[in-house]
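My request is simple: use the sequences and hints to build the entire structure.
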Amino acid sequence: MKINPDKCVACGNCTYVCPMGAIYIDPVIYRATINRDECVECYACYNGLSQEHLNPTFVRTVRKMFQMMRIRFDPEPDVCPTAAFEPDELTWPRVVRRAFSDPRVPHESTGVHGRGTEEVKTNDVSGRVQVGEVGFTIEFGRPGVGVRFRDIQQMCWALAKADVRFEKKNPVTSLMTDVAKGDIREDILEEKVLSAIVEIKVPVARTEEIIRLVWEVEKQLETVVALGVGTRCDEHGEDHVVGPILEKLGYQLDRAKTNIGLGRITNTAEPKPVQEPAAV
Amino acid sequence: MTNTLHRFGDAESFHDDFVVFAIASKGKNEQGALPKLRRFLEMAVSFHPVNLGDAIHGGALRPCRKMNPTSHWDRDTKPDFQAVISGLDAPTTVAAVFDNRMAAEDFVKAVKDADLGLSVNVSTSIDGAEQCCYAAGIPRHSVGYSLGFEGKTEKLPDSKVMLLSTMCGHGMVSHSLAKKMIDWVKEGRRTPEQAAGYLTRFCSCGVFNPKRAERILEDVARGKSI
Chain A
31 MKINPDKCVA
41 CGNCTYVCPM
51 GAIYIDPVIY
61 RATINRDECV
71 ECYACYNGLS
81 QEHLNPTFVR
91 TVRKMFQMMR
101 IRFDPEPDVC
111 PTAAFEPDEL
121 TWPRVVRRAF
131 SDPRVPHEST
141 GVHGRGTEEV
151 KTNDVSGRVQ
161 VGEVGFTIEF
171 GRPGVGVRFR
181 DIQQMCWALA
191 KADVRFEKKN
201 PVTSLMTDVA
211 KGDIREDILE
221 EKVLSAIVEI
231 KVPVARTEEI
241 IRLVWEVEKQ
251 LETVVALGVG
261 TRCDEHGEDH
271 VVGPILEKLG
281 YQLDRAKTNI
291 GLGRITNTAE
301 PKPVQEPAAV
Chain B
10 MTNTLHRFGD
20 AESFHDDFVV
30 FAIASKGKNE
40 QGALPKLRRF
50 LEMAVSFHPV
60 NLGDAIHGGA
70 LRPCRKMNPT
80 SHWDRDTKPD
90 FQAVISGLDA
100 PTTVAAVFDN
110 RMAAEDFVKA
120 VKDADLGLSV
130 NVSTSIDGAE
140 QCCYAAGIPR
150 HSVGYSLGFE
160 GKTEKLPDSK
170 VMLLSTMCGH
180 GMVSHSLAKK
190 MIDWVKEGRR
200 TPEQAAGYLT
210 RFCSCGVFNP
220 KRAERILEDV
230 ARGKSI
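Taken in sequence, the protein lines are chains A and B. 264 is the number that the working numbering gives to position 234 of the first sequence; each next residue is one higher, with no gaps. 91 is the number that the working numbering gives to position 82 of the second sequence; each next residue is one higher, with no gaps.
It should be emphasised that the hints constitute simulated quantities derived from the structure, not laboratory data. Since this is a predicted model, take the numbers as computed values, not measurements. A portion of the hints provided could be inaccurate.
Simulated restraints on C-beta separations [unchecked claim]: (1) B:Thr86 <-> A:Asp36: 31 to 37 Å; (2) B:Pro166 <-> A:Glu220: 43 to 49 Å; (3) B:Glu227 <-> A:Trp122: 43 to 49 Å; (4) B:Gly41 <-> A:Trp187: 39 to 45 Å; (5) A:Asp104 <-> B:Lys164: 29 to 35 Å.
Some but not every residue of chain A turned toward chain B, in silico, with C-beta under 10 Å [what the hints assert, rightly or not]: (6) His83; (7) Val150; (8) Thr152; (9) Gly174; (10) Val272; (11) Tyr281; (12) Gly291.
Result set (BS3-like, lysine-lysine): computed pairs, CA atoms no more than 30 Å apart in a straight line [said to hold, decoys possible]: (13) B:Lys164 <-> A:Lys231; (14) B:Lys161 <-> A:Lys191; (15) A:Lys37 <-> B:Lys45; (16) B:Lys164 <-> B:Lys188; (17) A:Lys231 <-> B:Lys161; (18) B:Lys164 <-> A:Lys191; (19) B:Lys164 <-> A:Lys278; (20) B:Lys35 <-> A:Lys231; (21) B:Lys45 <-> A:Lys198; (22) A:Lys249 <-> B:Lys169; (23) A:Lys94 <-> B:Lys169; (24) B:Lys45 <-> A:Lys94; (25) B:Lys164 <-> A:Lys32; (26) B:Lys35 <-> A:Lys249; (27) A:Lys249 <-> B:Lys188; (28) B:Lys164 <-> A:Lys249; (29) A:Lys211 <-> B:Lys161.
Glycine is no exception: its CB is placed at the ideal position from the N, C-alpha and C atoms.
Next comes the structure, spelled out in structure tokens:
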């Protein structure tokens, strides 16, 4: 993302809306400026701010007059008065930042808008997580901290060492050079993204082991981690297996995403999947 | 995408927060899904949602690409549900947000009866979702628990800011803007409704709950401990 210095009037609205806090008013040039190393190309500034198309010279003059009179200028806080944001032509590896940070851009690897895949949201038709299995979504960087791939790689290494299988249709997995080892391509390790999700699936008996492993690794990371744990309910819609394990580990279970099982396979070209045997 | 899962707050704080969303699965039921997704959104309107959206175009309150300067004094904070419905042009995740359990329950019942064949999820407190399923006579199929935030949590802001900013799971509502809105409401510079409107416009998929935001902003402004 770029800010056109000919248009910017240094109103400062954009400095608040940047999820990474990467925009500041440069005191020398007196224009909003982006710290490119911290910017994750999420486009929150460009997409989220409403745009006026006022004459920059006029706006600067008005602002100067108000400032001289010590009158507080109180414009709408979600507006760029001169439409000063201009998208950059992103090239590799920087383009990875946008793919993981701007939710409106679908990942080529998954076709899904966002950073993850369908996980348990479509479990009623995909059968991804069966009874006796647990699906983990390990999200890095959210909310509002961001993450570099070198941190994600540390977790991937530890998980790979523990012999877990990474979800194939996942954007992070698609950037691995060696999935068995959890190696992520070297040229993107320093790239910062708003968040990224690693997805794995293990037998329910390994739930505690995986959580303890995540606890151990996350201490070494420079970011936050949000864990999601997905499981298949029994025929009565109950989960008497995974929830109690999580509570035993000290988690207070407040919120969940509940798939209510209304989906069915309707594509004409796709044969119904063979039910996988439940893992132990 | 876990954009509704990791909202900050305890179960009680979700008493006015019910996100019901529908999604087609690639390779399973995305063929012919567009009219069904649109039907889902159309049906939601009669149950008085507080937001409606799709993951490509955004929610019912959107930023304006060519804003008239006079709108500074007359900003529209009314959600435009019809724009969301008519703007849906490709299969994606669509969501309806409700601020009370009765509406969510009734909507879930209606979606079940409509038999759209899409995967439907309810994102709220665990009890809240169970009650929606119970009311509709549906056993839960799968559940995805949120275990909250861990790791370098010292990099996170205070809980009041988190209650607001995590309502956009894609992270488009910045902590700084949430903090600024809290301050502005405290100072009386904007009403909770106006401040919630500013935050809502940044959510790019329409799952932000402006009514919950209003309630939080009002509570914080009055010094209520959260």
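Now the hints, each set against the structure:
The hint said 31 to 37 Å for the Cβ distance between Thr86 of chain B and Asp36 of chain A, and at roughly 33 Å that hint holds. Distance hint check for Pro166 of chain B and Glu220 of chain A: the Cβ-Cβ separation is about 26 Å, which falls outside the suggested range of 43 to 49 Å. The beta-carbon spacing between Glu227 of chain B and Trp122 of chain A, approximately 47 Å, falls within the hinted interval of 43 to 49 Å. For Gly41 of chain B and Trp187 of chain A, the Cβ-Cβ distance of about 43 Å falls inside the hinted range of 39 to 45 Å, so the restraint holds.
Take Asp104 of chain A and Lys164 of chain B: their Cβ atoms lie about 31 Å apart, and the range 29 to 35 Å holds. Because the smallest distance between the Cβ of His83 of chain A and any Cβ of chain B comes to about 6 Å, under 10 Å, the interface hint for this residue holds. Proximity of Val150 of chain A to chain B holds as hinted, the smallest CB-CB distance being about 4 Å (cut-off 10 Å). Interface hint at Thr152 of chain A: satisfied, since its Cβ lies 4 Å from the closest Cβ of chain B, which is below the 10 Å cut-off.
The closest approach between the C-beta of Gly174 of chain A and any C-beta of chain B is roughly 5 Å, which is under the 10 Å cut-off, so the hint is satisfied. A least Cβ separation of about 7 Å between Val272 of chain A and chain B falls short of the 10 Å threshold, and the interface hint therefore holds. At about 5 Å, the closest approach between the beta carbon of Tyr281 of chain A and any beta carbon in chain B falls short of 10 Å, and the interface hint on this residue holds. Because the beta carbon of Gly291 of chain A sits about 3 Å from the nearest beta carbon in chain B, less than 10 Å, this interface hint is met.
For a cut-off of 30 Å, the pair hint linking Lys164 of chain B to Lys231 of chain A stands: about 29 Å separates their Cα positions. A distance of roughly 23 Å separates the Cα atoms of Lys161 of chain B and Lys191 of chain A; the hinted pair therefore holds under the 30 Å criterion. Note on Lys37 of chain A and Lys45 of chain B: the hinted pairing is violated, with a Cα-Cα distance of about 44 Å set against a maximum of 30 Å. For a cut-off of 30 Å, the pair hint linking Lys164 of chain B to Lys188 of chain B stands: about 15 Å separates their Cα positions.
A distance of roughly 25 Å separates the Cα atoms of Lys231 of chain A and Lys161 of chain B; the hinted pair therefore holds under the 30 Å criterion. Taken as a hint, the Lys164 of chain B and Lys191 of chain A pair is honoured in the structure, with Cα atoms around 29 Å apart against an allowance of 30 Å. Our distance criterion of 30 Å between C-alpha atoms is met by Lys164 of chain B and Lys278 of chain A, whose separation comes to about 27 Å. Note on Lys35 of chain B and Lys231 of chain A: the hinted pairing holds, with a Cα-Cα distance of about 19 Å set against a maximum of 30 Å.
Under the criterion of a C-alpha separation no larger than 30 Å, the hint pairing Lys45 of chain B with Lys198 of chain A is consistent with the structure, at around 28 Å. A hinted pair counts as satisfied when its Cα atoms are at most 30 Å apart, and Lys249 of chain A with Lys169 of chain B qualifies at roughly 25 Å. With a CA separation close to 35 Å, the supplied pair Lys94 of chain A and Lys169 of chain B exceeds the 30 Å bound. As the CA atoms of Lys45 of chain B and Lys94 of chain A are separated by approximately 54 Å, the hinted pair breaks the 30 Å bound.
Between Lys164 of chain B and Lys32 of chain A the CA atoms are separated by roughly 27 Å; this keeps the pair inside 30 Å, and the hint holds. At most 30 Å may separate the alpha-carbon atoms for a hinted pair to count; Lys35 of chain B and Lys249 of chain A exceed this at roughly 36 Å. With a CA separation close to 27 Å, the supplied pair Lys249 of chain A and Lys188 of chain B stays within the 30 Å bound. Of the supplied pair hints, the one linking Lys164 of chain B and Lys249 of chain A holds, its CA atoms being roughly 13 Å apart against a limit of 30 Å.
Simply put, Lys211 of chain A and Lys161 of chain B have alpha-carbon atoms about 25 Å apart, close enough for the 30 Å limit, and the pair holds.
This entry does not satisfy hints 2, 15, 23, 24, 26, going by the numbered hints stated previously.
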